[in-house]
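Residue numbers (my numbering), protein chains in the order written: chain A, 189 to 711; chain B, 9 to 371; chain C, 258 to 612.
Rather than coming from a laboratory, the hints here were simulated on the basis of the structure. Treat the hints with caution; some may be incorrect.
Where chain B lies over chain A, by a calculated footprint (3+ residues, C-beta under 8 Å) [said to hold, decoys possible]:
#1 268-282
#2 493-505
#3 627-638
Note that the coordinates shown come from a computational prediction; the quantities given were computed from them, not determined experimentally. All residues carry an ideal CB built from backbone N, CA and C; glycine is no exception.
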Amino acid sequence: MRFIASRWPAATKRALLFALIVCGMLASRAAAAKHPRYGGTLRVELREAAISLDPRAWKAGTLESAANEKIASLVFDRLVTLDNYGHFQPQLASEWSHDASARHWQIRLRDGVKFSDDTPLTVAEVAAALQPLLPTGIQLSASGNTLSVQSASPLPDLLELLASGRYFVYRALADGTLVGTGPFFVAEASPATADGKNARYLLKASENCWAGRPFVNAVELTLGFPALRRLLDLQLGKADLIEIAPELVRRAAQENLRVWASTPVITFGLRIDASPSAASNARLREALFYSLDRTTMANVLLQRQAEPAAALLPQWLSGYAFLFNVDTSLERAKELRAALPANLAAAAEPLRLRVDAPGELPKLLAERVAVNARQAGMTVQVINRPAQREAGAATPPAESAASLHLFAWHVTSLSPRAELDALSRALGATESAGADAASAEPEQLYARERKILEDRRVLPLVALPEYAGIGANVRNWLPARWSEWHLAEVWLDLPESVAQQNLNLPTAATQQQQPTAPAGAKP
Amino acid sequence: MLSSAFIPVSANNYFVRGWLCVLLFSSMAAAAALLAGSCAAHPSFATEDPLQDAIATLGNEVAAIRNLRGPLHLDWQNESSLATSQSAALQSQFSARLAAIRGLLTDEAAAPPLRVTLRETATQLVIVASVPAADGEQVRVVQVSRAAFAAQDAAPAPYLQKQLIWKQREPILDAAEHATRSGSVLLMLGRETLWVYGSLSEQPALQAVAHIPGAVHPSRSLAGRIRFSKDDDANFVLELPGKTCSGSLAEKIALDCAPADPRNTPGGKGRFILVSDDSVKLLAPCDHHEWILSADGGDWSKPDHLFLHDAQNAASDRTTVLETPGPVLALASGPEAASSIAVVLNLSTGEYEIHRFALACRN
Amino acid sequence: MSFRTKLFLVFLVTVLASVSLVAYGVTHYTQAAFEEMDAQRTQALVTQFKREYAQRGEEVQQEVKNIANADVTLRMALDLARPNADQSTYVRDANGAAQDHNLDFVQFVNSDGTLISSAQYPARVGYKDEWVTTRKDWNETPAFLRKEELPDGVELSLTVVRALPVGEKTLYIVGGRRVDQHFLASLALPEGMRALLYRNLEPNFVPAALTDKDGAVAQAERFQPLIEQVQKQSRSQSEPLVQHIDWTNDASQSETFNAIPLTGPNNELLGVLLAGSSQKELVLLTRQIVKISAAVAGAAILIGLLVSWWVSSRITRPVEELAEGAREVASGRWIPASTCVARTKSASWPPPSTT
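Based on the sequences and whatever the hints tell you, model everything.
Structure (structure tokens):
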């Protein structure tokens with residue numbers, strides 16, 4: 189090689205080099221300010237007054253169950269997750285395959301995963317955790333590092349099933365505590381007290397998490413604050429992440445707070461008992477169906493924070509919800525009502541509508557149903573849940589005779605089939621013998637759902653997203669669109685002094701020297 | 009004898025040639041194996057396209073519906089993130105399959121619709137066909153895993169490249185970049201003057217100036233239009249409040265003006281209002297996809313925004329692509345399909361600027 | 258019957274008559290005075306109620322006016338006056354207005370009668386309240402009584418409507434306060450009086466609709482005749498309607514009720530105020546008077562008996578002696594009995610000297 193004599197004097201070269209180094213340092217410093225930072229405590233406030241971290245005890249579709257899932261995902265892991273682009277991402281499972289009929293699956297477990305108490309994760313434990321949660325007809329067996337799933341009927345949606353709902357992997361300790369492999373462990377748990385103190389949880393970062401230590405040191409969870417209190421806390425900086433009630437979303441937006449909305453995951457609807465009462469008359473149910481003005485409920489009453497729902501499964505889950513119509517026809521409702529005998533159409537005794545969901549919003553919807561029904565000539569009397577009545581108030585005499593129920597259903601599963609199964613069971617919806625209940629084919633699901641809805645015993649009203657308020661210094665807020673929060677990815681952009689303090693992170697050695705707090709989650 | 013490459017060089021050329029052949033063949037085999045392996049790992053490179061398979065299945069299912077009565081009008085709605093071109097290809101495939109059934113499909117919009125809707129769920133692309141049949145509406149659904157095909161950005165909007173090509177103090181009502189046999193020219197229309205500049209390099213040269221005869225009708229509007237004849241690229245018409253002038257590109261431009269057509273003055277005497285164009289069609293150079301460029305104009309006290317939206321997807325949202333330094337007074341197509349010209353009043357300087365916007369595709 | 262006896266009886270009757278007359282007079286005038294006082298008190302109660310009612314109406318008027326004048330209301334009106342305005346933005350605004358201005362009922366109604374927001378019945382948002390758009394002079398209209406429909410029933414409301422015109426459109430603000438037992442509790446009532454309110458929300462008499470300041474009224478069905486009379490009475494008649502109710506056999510437990518009809522803007526009967534005056538005081542007073550009268554009469558009779566006997570004996574004895582003497586002279590006995598009597602009577606009596 190021939191060296192070409194440089195035209196630049198050495199001093200100039202040194203100066204340039206120095207300048208480059210300085211620029212590089214400055215650039216890196218500037219860039220460092222935008223990189224995720226470790227430290228801090230994420231303060232979260234939820235609506236529910238109590239949570240359970242035992243997936244075995246959850247009731248599918250309830251709002252409580254949805255809150256449980258959010259917190260459980262910090263402590264436990266699933267085998268797979270689904271990203272926002274439709275791809276299944278390996279979690280505790282590293283690989284999976286199935287036979288042509290999708291009845292037999294092989295799932296290979298990730299190596300080197302440990303529970304928060306440092307015990308290694310085994311396939312047997314995965315099978316023991318998941319078997320009681322899976323629907324009947326699905327059998328798990330462990331062999332080496334592989335979990336085998338055997339099903340009597342095809343399971344093309346097994347991954348959807350395992351990536352959602354209560355299918356977390358845990359290990360039960362002798363005292364009943366559950367431990368997980370998640371990014372956090374429960375360090376402190378204080379239940380709510382009779383003197384009004386709210387339930388609190390402190391979840392600390394798991395240093396040895398297989399996916400890497402989370403950015404925040406801890407998640408401080410407070411339960412049961414009223415909606416307005418949570419909003420004020422966010423505004424005042426006393427909370428970093430809150431659940432926002434739908435009726436406060438506009439206010440939050442007007443206050444320039446960061447508000448995130450999921451896809452519609454909560455469906456409110458009416459369920460009509462199969463008891464021999466006035467409501468059991470098919471024509472009356474039809475009249476009630478046509479009298480309901482869902483569009484006004486969603487756009488006016490709920491201030492466009494909801495969508496009118498004509499289907500049980502939301503569009504983003506089933507793909508065919510748009511085929512069901514939300515048309516209101518008051519004239520048709522009046523015609524049907526007029527054709528009924530006077531004693532049947534609640535002329536002497538009103539139809540009783542019991543609000544089975546908590547909160548003011550379901551009550552408002554119930555009252556609107558009553559107003560709509562009255563327009564069509566039907567009398568509906570709203571009865572509130574016992575918890576909603578004032579203390580000491582007398583129990584209404586006819587509560588037990590309520591033939592209409594207003595329910596709230598929170599989507600639990602990413603599998604439309606599993607979701608429809610759970611919904612049908614919970615609502616007692618009758619299905620025709622012809623429908624293939626085990627099929628996950630969208631056409632079959634559409635036929636099943638259509639049959640349920642045509643019976644008019646279940647009348648969807650509106651579908652609502654979940655709303656979250658995010659603090660100004662929360663970064664990497666990357667939730668799944670269907671309301672799963674990924675708090676392990678979140679970091680806090682704290683002031684420099686606080687960040688410096690938080691750099692003294694506990695090492696694995698120091699963590700072991702700390703007093704042994706229960707590493708698991710007591711259900 | 010050893011070369012610098014440490015390859016033993018033998019006087020036996022056949023041996024060398026054979027060795028080289030083996031080496032070459034091994035390399036090719038290894039490459040082929042690698043390629044085959046990557047093909048297996050990437051379903052998108054599989055020999056079967058799952059989308060096409062799904063559409064074929066759907067087409068067969070629809071064709072198999074009993075008592076199917078045509079003619080039906082195919083109403084194709086892509087409400088997924090599938091690219092427009094991909095959706096169009098699937099639509100063609102579906103139509104071709106049903107075209108095999110004589111008289112089933114028609115182009116008449118008044119015919120009963122055969123609706124095909126593409127939507128997405130969390131994991132699937134769902135394609136739903138609603139078919140009117142003698143015994144009621146029939147629904148057929150197929151789905152494809154979203155992981156099975158490469159996801160594309162929803163209506164991936166290209167971006168606009170902006171270039172300031174002229175500015176002046178005197179008001180500019182409209183500007184037009186026009187291609188002639190001798191090259192491109194830039195026409196600028198003022199209240200009373202028409203300027204023609206040629207050779208849009210760094211220093212455009214003034215080719216001609218023409219005074220617009222006749223009185224200037226009092227108008228608060230800064231609307232004016234330059235329209236070129238489609239038959240003759242030298243002839244043009246100037247539309248101004250209260251008058252219309254015609255002329256021809258030449259070294260010395262003579263303008264012939266007449267009172268404006270009343271149809272162009274809806275405001276009546278004394279109120280000459282010209283409705284300016286507020287959108288132009290642009291063709292993306294990479295896929296020749298049509299986009300509509302529009303401004304949200306109207307308020308001269310604040311800057312405008314330029315929007316792009318998919319010309320073929322009426323339901324698509326507008327994407328804000330650019331903020332201009334002031335209100336957009338005029339927007340016109342450029343000589344190329346991907347470019348346009350805009351007259352903007354810069355609120356900071358008070359000058360009238362002419363910008364060229366060209367559509368460029370993202371990688 | 259001897260003269261003495263007759264005289265005695267005359268005296269007795271005179272005493273009795275006098276005492277009775279006095280007792281009656283006292284009782285009568287006392288009763289009249291009491292009734293007059295009772296009427297005055299009732300009138301005072303009615304006047305107080307009307308004043309309280311009017312004052313409450315003025316308070317509601319002021320609060321509704323404050324709502325109408327608020328910036329936030331003006332912004333709402335401006336926004337709603339635009340074409341294609343998003344009415345759902347203001348669905349919850351009535352709640353805040355009701356709380357801020359201490360009203361039980363607040364509604365915002367659009368120019369075409371559509372209910373924009375309701376504090377008391379949010380489920381009705383979107384429906385039309387056409388009664389609001391029928392009048393154009395709301396800003397000059399004082400408070401009026403109205404039936405307010407709620408999710409769980411109907412209440413009486415003292416209501417005010419104010420109109421906020423913006424361009425060609427108008428935003429109506431409807432505010433009100435309940436007229437119920439709490440309103441009755443705010444009345445200062447003298448001892449022995451009470452106020453009841455009957456909410457005439459059904460065509461037939463409903464006992465549960467009658468309340469006092471503490472809530473439901475016992476034996477409410479006893480008021481049915483009075484209420485029905487008020488319901489049948491034409492609004493043009495101004496005669497007061499009164500009912501006397503004996504709750505028990507004890508007359509002191511009875512009450513007299515005056516019924517005051519409460520009407521709405523179309524003169525429809527919406528409620529009845531019953532001003533009740535207890536008869537206990539009067540009855541007790543009457544009893545007291547009677548007792549005292551009886552005691553006085555008894556004493557007077559006794560004294561009268563004695564006095565009349567003594568008086569009669571003083572009067573009648575000389576007369577009797579004179580009559581006896583006359584009878585003896587008539588019978589030929591010249592010795593005056595009186596002399597004999599005198600001799601007999603007194604030894605020291607010296608006969609008159611004859612020498």
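Here is what the structure says about each hint:
Residues of the segment 268-282 of chain A lying with their CB closer than 8 Å to a CB of chain B number 5, which satisfies the three-residue condition for coverage. Chain B is given as covering the segment 493-505 of chain A, and this holds because 3 residues of the stretch bring a CB closer than 8 Å to a CB of that chain, at least three being needed. Counting residues of the segment 627-638 of chain A whose C-beta sits closer than 8 Å to any C-beta of chain B gives 4, which meets the bar of three, so the coverage hint holds.
Checked against the numbered hints given earlier, the structure satisfies every one of them.
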